[in-house]
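S.K.: Take a look at the letters that make up each chain.
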Amino acid sequence: MNWGAIWATAGAVCAALFAGIGSAIGVGITGQASAGVVSENPDLSGKCLLLQLLPGTQGIYGLLIAVVIALNSGLMSGDVSALAANTTLGVRYLVAGLPIAIGGLVSAVYQGKVAVAGINMVAKKPTESGKGMVMAIMVETYAVLSLLISFLLVIGIK
Amino acid sequence: MIVAMKRLSLVALKSDQDKILKALQECGTVQILNIADGEVQDADADAINARIARLSESIGAVKPFAKKPGFLTPQKREMTLDAIREDVPKAEHAAGEIEELLHTQSRLAAEREKAVSTRDLLLPWQRLSVPMSSVKNTARVHYFIGLCASKDQPKIDEQEYLEAEYYNESATIPTILACKEEDAKTVQNFLKTIDWQDFVFPKTEGTPGQAIETLDRRIAEIDAEAQTVQAELEGHGDTITVLQNAFDAETIDADRLSVRADLAYTASTFVLEGWMREDEVEKTEQAIRAVTDAYSFEYRDPIEGEEPPSVVKNNKFVEPFEEVQTLYSRPAYGTIDGTPYMTPFYILLFGLMLSDTGYGLMLMLGSLVYLKFKKPTGMSKGIAKVLFWGGISTVFWGVLTGSFFGITRTDASGGVFTAIGRFFDRLGIFPAWIDPMQDSMLMLGLCFGLGILHIVAGYIVGAIDKFSRGDWKGAIFDQISWVLITLGLVIGFLPAITGMAGSPVSLPELVTRIALGAAALGALLVVLFKGREKRNPLKRLTSGLGGLYDITSVLSDILSYARLFALGIATGVIGQVFNMLSNMLTGASNPVMKVIGSIGCVVLVVLLHTFNVAINALGAFVHCARLQYVEFYGKFYESGGKEFTPLSYNTKHVQVSE
Numbered sequence: 001m002n003w004g005a006i007w008a009t010a011g012a013v014c015a016a017l018f019a020g021i022g023s024a025i026g027v028g029i030t031g032q033a034s035a036g037v038v039s040e041n042p043d044l045s046g047k048c049l050l051l052q053l054l055p056g057t058q059g060i061y062g063l064l065i066a067v068v069i070a071l072n073s074g075l076m077s078g079d080v081s082a083l084a085a086n087t088t089l090g091v092r093y094l095v096a097g098l099p100i101a102i103g104g105l106v107s108a109v110y111q112g113k114v115a116v117a118g119i120n121m122v123a124k125k126p127t128e129s130g131k132g133m134v135m136a137i138m139v140e141t142y143a144v145l146s147l148l149i150s151f152l153l154v155i156g157i158k
Numbered sequence: 001m002i003v004a005m006k007r008l009s010l011v012a013l014k015s016d017q018d019k020i021l022k023a024l025q026e027c028g029t030v031q032i033l034n035i036a037d038g039e040v041q042d043a044d045a046d047a048i049n050a051r052i053a054r055l056s057e058s059i060g061a062v063k064p065f066a067k068k069p070g071f072l073t074p075q076k077r078e079m080t081l082d083a084i085r086e087d088v089p090k091a092e093h094a095a096g097e098i099e100e101l102l103h104t105q106s107r108l109a110a111e112r113e114k115a116v117s118t119r120d121l122l123l124p125w126q127r128l129s130v131p132m133s134s135v136k137n138t139a140r141v142h143y144f145i146g147l148c149a150s151k152d153q154p155k156i157d158e159q160e161y162l163e164a165e166y167y168n169e170s171a172t173i174p175t176i177l178a179c180k181e182e183d184a185k186t187v188q189n190f191l192k193t194i195d196w197q198d199f200v201f202p203k204t205e206g207t208p209g210q211a212i213e214t215l216d217r218r219i220a221e222i223d224a225e226a227q228t229v230q231a232e233l234e235g236h237g238d239t240i241t242v243l244q245n246a247f248d249a250e251t252i253d254a255d256r257l258s259v260r261a262d263l264a265y266t267a268s269t270f271v272l273e274g275w276m277r278e279d280e281v282e283k284t285e286q287a288i289r290a291v292t293d294a295y296s297f298e299y300r301d302p303i304e305g306e307e308p309p310s311v312v313k314n315n316k317f318v319e320p321f322e323e324v325q326t327l328y329s330r331p332a333y334g335t336i337d338g339t340p341y342m343t344p345f346y347i348l349l350f351g352l353m354l355s356d357t358g359y360g361l362m363l364m365l366g367s368l369v370y371l372k373f374k375k376p377t378g379m380s381k382g383i384a385k386v387l388f389w390g391g392i393s394t395v396f397w398g399v400l401t402g403s404f405f406g407i408t409r410t411d412a413s414g415g416v417f418t419a420i421g422r423f424f425d426r427l428g429i430f431p432a433w434i435d436p437m438q439d440s441m442l443m444l445g446l447c448f449g450l451g452i453l454h455i456v457a458g459y460i461v462g463a464i465d466k467f468s469r470g471d472w473k474g475a476i477f478d479q480i481s482w483v484l485i486t487l488g489l490v491i492g493f494l495p496a497i498t499g500m501a502g503s504p505v506s507l508p509e510l511v512t513r514i515a516l517g518a519a520a521l522g523a524l525l526v527v528l529f530k531g532r533e534k535r536n537p538l539k540r541l542t543s544g545l546g547g548l549y550d551i552t553s554v555l556s557d558i559l560s561y562a563r564l565f566a567l568g569i570a571t572g573v574i575g576q577v578f579n580m581l582s583n584m585l586t587g588a589s590n591p592v593m594k595v596i597g598s599i600g601c602v603v604l605v606v607l608l609h610t611f612n613v614a615i616n617a618l619g620a621f622v623h624c625a626r627l628q629y630v631e632f633y634g635k636f637y638e639s640g641g642k643e644f645t646p647l648s649y650n651t652k653h654v655q656v657s658e
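These protein sequence lines are chains A and B, in that order.
Position one of the first sequence corresponds to residue 1 (this note's numbering), numbered consecutively onward.
Position one of the second sequence corresponds to residue 1 (this note's numbering), numbered consecutively onward.
Possibly wrong hints are sitting among the right ones.
[Stated by the list, open to error] Pairs of lysine to aspartate or glutamate, DMTMM-like flavour, derived with a Cα cap of 25 Å:
#1 B/LYS180 to B/ASP152
#2 A/LYS131 to B/GLU638
#3 A/LYS131 to B/GLU323
No lab work stands behind these hints: they were computed from the structure.
Generate the whole structure from the sequences, applying the supplied hints.
M.R.: Structure representation (structure tokens):
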């Protein structure tokens, strides 16, 4: 059994799966809030949509790390001999994927909550949507940092 | 630059009030302050606001039936004030009709709802073959009408003094009981012991079956009527333009009328107080002079305690970036406008976060088309221009880092994408400088370097501002000291830091020593003078040492620029993944399938890249704004300025032209 390849696959799966779950939750709750606001004032749908998109990026970051793991480890091309020879490599891919998996999951949920608050703000003061976006982006900072460290660790595995 | 404001006091004759207010509104330069004593009831203003509310409701009602504006039609149509005023009577008429139709609509809806609920009530009683009105108490017989739970039916049958009639076999059975008048009390008590619910027939003629038929006919009639109303409403769809014009014309009048309540009055004159920009004083007075010569126009500088609105003025290039600043906060009056300093950094950093030639071109073209055809005003106009400049910068960084719609020199997506990648490779100048996927440490270092530059620039802007206001202590101890610390530490430890990253930069020993010395000097300045207001030397020293702790926030500021690299990578790699996905469609060996797959590939490439550029441009816009607000403005900017809202043509649908 090629345990190295299994570990590396687990790494890619974790990155895409958990960050994706976080984004799904974040975008989901913001979508509900948007629908409420838009039902009162359809003109605000554009502003609400922008806020709804923000917690969606973590899922993209997770996908990105998953693809880089798959490319780098040979899972994409099917050449997994290096992983078979060295199980540690596979475990390293798994561990390197964890920052964006967990950081992405948690930050997307919280970013979603901030974006919901931002959408409620837009309902009361439509001109202030920019401030709501900046508040949400403050949370995203940590997803970006997670992405960065996952990326650097993954491409560092030779 | 923040524009100086003047406080205007205008006194003129009441008889000229309308003319003067009209002139000021057309001129659009004065924000009028409320100096009235007490609330004034204004019947005209109330009437016009009621008309506006009605127009707004009519617009909402006919909007679904109006022709959708084309994708490239301007946001606001250009019209003269007289032209939109002409539409007011027409719009009033239409709004009246629409209001009537809406009333009818809601009346019909209420009536239908009532008919349906009555019909539903009667449905279980269909088997009752006598008119409902005939079931009523006589001198000898007492009737009980109600719904009885089926489990209690045997109990009723057991009562000998009762005649029962059941009208169906459901869980709650419609039942009519008859008894002798003298037994009525007993029956009432008995009914309390079982699951019984009294029922009153609705006031309808005939048997339940006949009543249901009548109601069904009525519901059908209502539906037909509602359809004609709906059709008439749809016919009003074309009037939306007229309604919108009138809405704007009335809003303009309402704005002006509402100002009347802000003025102070004597027997024959009125007094108007307000703020205007120093550079528009001339224009304002001319506007008044054009309508009357009986007035007193005086203005002065703001005095202590007054808070004038904050307006910034910049050249054409910097102007759009004012919107980015306004998203954060206007500068407090009398402080410094950050826009001109922020603009170059915004453009530079925005491009670095996208860094793709293709996406840059898309942004440039997209914002140009938007500006040309939609003719946006206000904030959307500013942001479109910001995105245009961001697009140029994105192209610039895309060339430096060698990325075109996610295709790089070492592309492995296959098919035509790899072929383009090979072409870039042969070209040799794409990337022109650095391949972030290969030299990620160098790219990260570049991002931190730009960040340090940005932060230091923030400190220097603050220092210059404080010098110009005569606060040399603040400039040296709070701003320059930090420039010394930041630059000194970075240069001093550069060999060590780069050494850790694997490619040490060697600096002459003298340079690093001077740098560390400068950092030490800066730290000394902070320790000694941070608490310069405090008398007690011990408190002063602790305040100074505490100030030195800010070094951690400078460090976290610098690390925050790592997002430049991460977002740049995200855009590029996701673009590459999309290319790879699209290319998979072309893999078929059957020639027909290959053609179909290739078409699918092209469609997919366009869709996916549009998505990628949209979501990443949004990310770049907001992340870049954050770097300005937190990391840059944190060093010098004073927020909290009030918006300048002069009396002007504040329209929603029409751009008022001369």
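S.K.: Each of the hints needs a verdict: does it hold here or not?
M.R.: Right, here's what the structure says about each hint:
Between B/LYS180 and B/ASP152 the CA atoms are separated by roughly 21 Å; this keeps the pair inside 25 Å, and the hint holds. Of the pairs offered as hints, the one joining A/LYS131 and B/GLU638 holds, with about 17 Å between alpha carbons and a cut-off of 25 Å not exceeded. Taken as a hint, the A/LYS131 and B/GLU323 pair is honoured in the structure, with Cα atoms around 12 Å apart against an allowance of 25 Å.
Figure legend: structure checked against the earlier numbered hints; every hint is met.
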